[in-house]
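Enquirer: Work out the full structure, taking the sequences as your base and the hints as a guide.
Chains as they are written, first to last, in the UniProt record's numbering: chain F, 1 to 450; chain X, 1 to 444.
Just so you know, the hints here were simulated from the structure itself, not pulled from any lab data.
Mixed in with the good hints, there may be bad ones.
[Said to hold, decoys possible] Computed Cβ-Cβ distance ranges for the label pairs, DEER-style: (1) Ile65/X / Lys330/F: 33 to 43 Å; (2) Lys330/F / Ala37/X: 47 to 57 Å; (3) Asp359/F / Asn390/X: 53 to 63 Å; (4) Gly131/F / Ala218/X: 24 to 34 Å; (5) Pro393/X / Phe319/F: 18 to 28 Å; (6) Pro239/X / Arg309/F: 56 to 66 Å.
Predicted model, so just to flag it, every value in this text is computed and none were measured.
In this text, a Cβ means the ideal position worked out from N, Cα and C, and glycines have one as well.
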Amino acid sequence: MAQGQFTDGIVAGRLAPPDYSANFSDLHPPLDQHEALVESDRCYFCYDAPCMQACPTSIDIPLFIREISTGNPLGAAKTIFDQNILGGMCARVCPTETLCEEACVRETAEGKPVQIGRLQRFATDVAMGAGRQFYQRAADTGKSVAIVGAGPAGLACAHRLSMLGHAVTVLDARPKPGGLNEYGIAAYKTPNGFAQAEVDYITGIGGITIENDKALGRDFSVSGLLEEHDAVFLGMGLAGVNALRAEGEEAHNVENAVDFIATLRQASDLSGIRIGRRVVVVGGGMTAVDAAVQARLLGAEEVTIAYRRGRESMNASAFEQDLAASKGVKIRHWVQPRRVLTEGGEVTGVELEYTSFEDGRLSGTGQTLVIEADQVFKAIGQNFVAAPLNGSGEKIAVEGGRIAVDGEGRTTMPRVWAGGDCVGVGEDLTVSAVAQGRDAAMSIHKALIG
Amino acid sequence: MADIRSDFLGIKSPNPFWLASAPPTDKAYNVVRAFQAGWGGVVWKTLGEEGPPVVNVNGPRYGAIWGADRRLLGLNNIELITDRQLQVNLQEMKQVKRDWPDRAIIASIMVPCEEHAWKAILPLVEETEVDGIELNFGCPHGMSERGMGSAVGQVPEYIEMVARWCKQYTRMPVIVKLTPNITDIRYPARAAKRGGADAVSLINTISSIVSVDLDDFAPQPTIDGKGSHGGYCGPAVKPIALNMVAEIARDPETRGLPISGIGGVTTWRDAAEFMALGAGNVQVCTAAMTYGFKIVQEMITGLSNWMDSKGHQRLEDFIGRATPNVTDWQYLNLNYVTKAHIDQDLCIKCGRCHIACEDTSHQAITNMLDGVRHFEVIEEECVGCNLCVNVCPVQDCITMERLAPGDLDRRTGKVVEPTYANWTTHPNNPMHREAPVQVPEPAE
Ligand SMILES: Cc1cc2nc3c(=O)[nH]c(=O)nc-3n(C[C@H](O)[C@H](O)[C@H](O)COP(=O)(O)OP(=O)(O)OC[C@H]3O[C@@H](n4cnc5c(N)ncnc54)[C@H](O)[C@@H]3O)c2cc1C
Ligand SMILES: Cc1cc2nc3c(=O)[nH]c(=O)nc-3n(C[C@H](O)[C@H](O)[C@H](O)COP(=O)(O)O)c2cc1C
Ligand code: SF4
Ligand code: SF4
Ligand code: SF4
Chain F
1 MAQGQFTDGI VAGRLAPPDY SANFSDLHPP LDQHEALVES DRCYFCYDAP
51 CMQACPTSID IPLFIREIST GNPLGAAKTI FDQNILGGMC ARVCPTETLC
101 EEACVRETAE GKPVQIGRLQ RFATDVAMGA GRQFYQRAAD TGKSVAIVGA
151 GPAGLACAHR LSMLGHAVTV LDARPKPGGL NEYGIAAYKT PNGFAQAEVD
201 YITGIGGITI ENDKALGRDF SVSGLLEEHD AVFLGMGLAG VNALRAEGEE
251 AHNVENAVDF IATLRQASDL SGIRIGRRVV VVGGGMTAVD AAVQARLLGA
301 EEVTIAYRRG RESMNASAFE QDLAASKGVK IRHWVQPRRV LTEGGEVTGV
351 ELEYTSFEDG RLSGTGQTLV IEADQVFKAI GQNFVAAPLN GSGEKIAVEG
401 GRIAVDGEGR TTMPRVWAGG DCVGVGEDLT VSAVAQGRDA AMSIHKALIG
Chain X
1 MADIRSDFLG IKSPNPFWLA SAPPTDKAYN VVRAFQAGWG GVVWKTLGEE
51 GPPVVNVNGP RYGAIWGADR RLLGLNNIEL ITDRQLQVNL QEMKQVKRDW
101 PDRAIIASIM VPCEEHAWKA ILPLVEETEV DGIELNFGCP HGMSERGMGS
151 AVGQVPEYIE MVARWCKQYT RMPVIVKLTP NITDIRYPAR AAKRGGADAV
201 SLINTISSIV SVDLDDFAPQ PTIDGKGSHG GYCGPAVKPI ALNMVAEIAR
251 DPETRGLPIS GIGGVTTWRD AAEFMALGAG NVQVCTAAMT YGFKIVQEMI
301 TGLSNWMDSK GHQRLEDFIG RATPNVTDWQ YLNLNYVTKA HIDQDLCIKC
351 GRCHIACEDT SHQAITNMLD GVRHFEVIEE ECVGCNLCVN VCPVQDCITM
401 ERLAPGDLDR RTGKVVEPTY ANWTTHPNNP MHREAPVQVP EPAE
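Expert: Next comes the structure, spelled out in structure tokens:
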């Protein structure tokens, strides 16, 4: 029997079984052939297209859309993959409303951009569905590269290097490859095992070995890798989670949003996941929204996002905020957590303090409110954990909490490159990680081939 | 309220919108629906000789080309004239005319090019009391192989001869429908006039292959692996038809000959353009076949509102008003200088104007200004060709602005002359004359 929304505490199975699959189905359902043709006809084939400039991987968007419109989806897919081998995932998870679609001239013209993301998905689905591999490996160069982290950055780097003829070994601490594609992205953005299917598609080129359950700093070191390989790429993402610095945060039932999401993503049966009746998520980014929305979709009655600044400062895009609202999540602005209230070790609520922006600083007003809660998720940001780099000496410089790199992704340590969330450039997005991984691969290639 | 009642050769109809002879006018059922929808008149689907009617193919008869969003731009057909018994058609025509006395009904006829054949059919048609006849000399496929349709329309002598027979054997007004599948439309029009025809109508369809099936390697529509050329019509043919209408309207030999304008008429605006060039009314086929009969409502209100806004009270107030402004290239004023101008508030920065001008024209539009995406006309380079206006997706965003006499044309470094000067006097013209030849005024 479904527990329903009104059972107190943290329980599994709040919903009836069919509700889970309905709730977690595709957020943006795929375009069918007719829809894709109608939509592709809207593209103006702009010169030096603004959408393309807004894409971190610079996909030739007008060209691939024109290819779709002329009945050539395979050509379209290749145009996409040429720039972004994770074009399938990016089509699903990119916040297009702040990237290509925001820049689309039809957004300027009539507030309705061409649906670039969904068209991209259409084309990549056709190619991946047909198992079509577009790239052949160049002749073996005899060089080998080790990649730490099988997330978007690592995978993009691996594919490009393999294409150029290098042997690639990818090492990842987690049991499955994919990084946050597998463990982080909201379930309704990438349903039906797409993340693993994409990893298989990428490694289908050959020459890439992925070794899971291998953690840098525990099982191997950067200097060790450099003994066996000609170059190393670090795409380790952000392993740490920022603390709330609120009293009582160590209480039982105060969890990291990313851990909750990872558990959810790995669950074979969503009805087995326990969720509170009243949930508070602290934070204002994509992780906060994803945690809050998925809590609602699992049957939580009341879900509140508590964010310490105003709407416009939220890292979650307007689209994401609207999504949260449409799923019944309440977003409270200008409040920061002071205390997690507990009774007998169980969370009962969160005491929040109102904030305001004065003299250029955010500060508490002293006034408080209490929101009842039996589960709290922390989503105030992830951070880079530099410890595993230890043993490499001081050679890999960290700046502003992330690995310092130059324009080509080179770290301060010779033969070591880095990209993705673990470096301090670009936005923390899948597509930026892909761009950095790919570009680092080109730089590595240049260095190895001379 | 403008009066849009039409009088064409004395044939009255509540508006100038007729359906052309084609499937929409194939039988009473369609025609009655058309009249219910508001059409002013119809030219009944072409009648053939008495006896067993022609047969149509039993596979696809149409092919098309499309614009964005699969808007039909051009239609191709391999249909023949009516495939129903002559008597059935005549009975229905008579009944419908009786039921709808205020609407125009014209009988379209195509019989062999022999006097007895025309002499035989005309009294039968006359007996139906329809308003007139249209001689189908236009159909480019199927019938022409049998020595009818465009096979006749391509030989001016035959046109003249058949028109003369018709004038001789009937008192009904005679309209000759012209085929565009000739090099100079004035010849068949002149022949029709010489034969005594009361009017010409044009155009019929243009010989065409609309597409090729790349799996079967056959023209489309494909019938059992083969295809044949068909007749092309719809919005795509409008420019060709407009030109032909203008050619006849301004030809000294045919000037004043009434014209029924046909070819791609889809909106009230298309109709007004045909009429401005000299057509007394218009006929429509493809637009009705694409959208159904209701489109006539848009045509009626559109034409009437436009006339009101311009102060035209009756159709005659604007019919033929554009004809005197159609001239030959050599008479165009070379001292008329324009430059493109981009309205920055309307510009959505798609860059199409830039790349069109940059790659294929005169390198006269920027794409950057101070490192920012910005499209602006470089007057020093702009020849005023209008390409950018045509490729810009935003209406009225790029306009052509005339340089006033006395202004400096920054491309040529010359001051714009206030006078009219054309190619006939241009020094580069090996046959140039001293004084400009003015456009010949049409005789009234
Ligand atoms: C909840 C959530 C939702 C998100 N939603 C979106 C979204 O909708 N759209 C979007 O564009 N972006 C989204 N992002 C951001 C996006 O997921 C990241 O920017 C992207 O995954 C970064 O890729 P990466 O390859 O740098 O790192 P990751 O994807 O984090 O991959 C890093 C990999 O390195 C491995 N690793 C870490 N440390 C070690 C070690 N010591 N040894 C070996 N391996 C190690 C990890 O196991 C992991 O597999 C979201 C992020 C989160 C947390
Ligand atoms: C399917 C079809 C059948 C036609 N049959 C005839 C016909 O029997 N007699 C005729 O005079 N014109 C015929 N036409 C030509 C039309 O009357 C008209 O001249 C032509 O289609 C151009 O007008 P439009 O662009 O409005 O379609 C036919 C056109 C089509 C599409
Ligand atoms: S900006 Fe929009 S219209 Fe222009 S090329 Fe990109 S998707 Fe097409
Ligand atoms: S009018 Fe012609 S030459 Fe002038 S800017 Fe436009 S395209 Fe270029
Ligand atoms: S084509 Fe029109 S909208 Fe596009 S950049 Fe040029 S002026 Fe602007």
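Enquirer: If a hint holds in the structure, say so; if it doesn't, say that too.
Expert: Do the hints match the structure? See the list:
no.	hint	verdict
1	Ile65/X / Lys330/F: 33 to 43 Å	violated (54 Å)
2	Lys330/F / Ala37/X: 47 to 57 Å	holds (55 Å)
3	Asp359/F / Asn390/X: 53 to 63 Å	holds (57 Å)
4	Gly131/F / Ala218/X: 24 to 34 Å	holds (32 Å)
5	Pro393/X / Phe319/F: 18 to 28 Å	holds (25 Å)
6	Pro239/X / Arg309/F: 56 to 66 Å	holds (60 Å)
Checked against the numbered hints given earlier, this structure breaks only hint 1.
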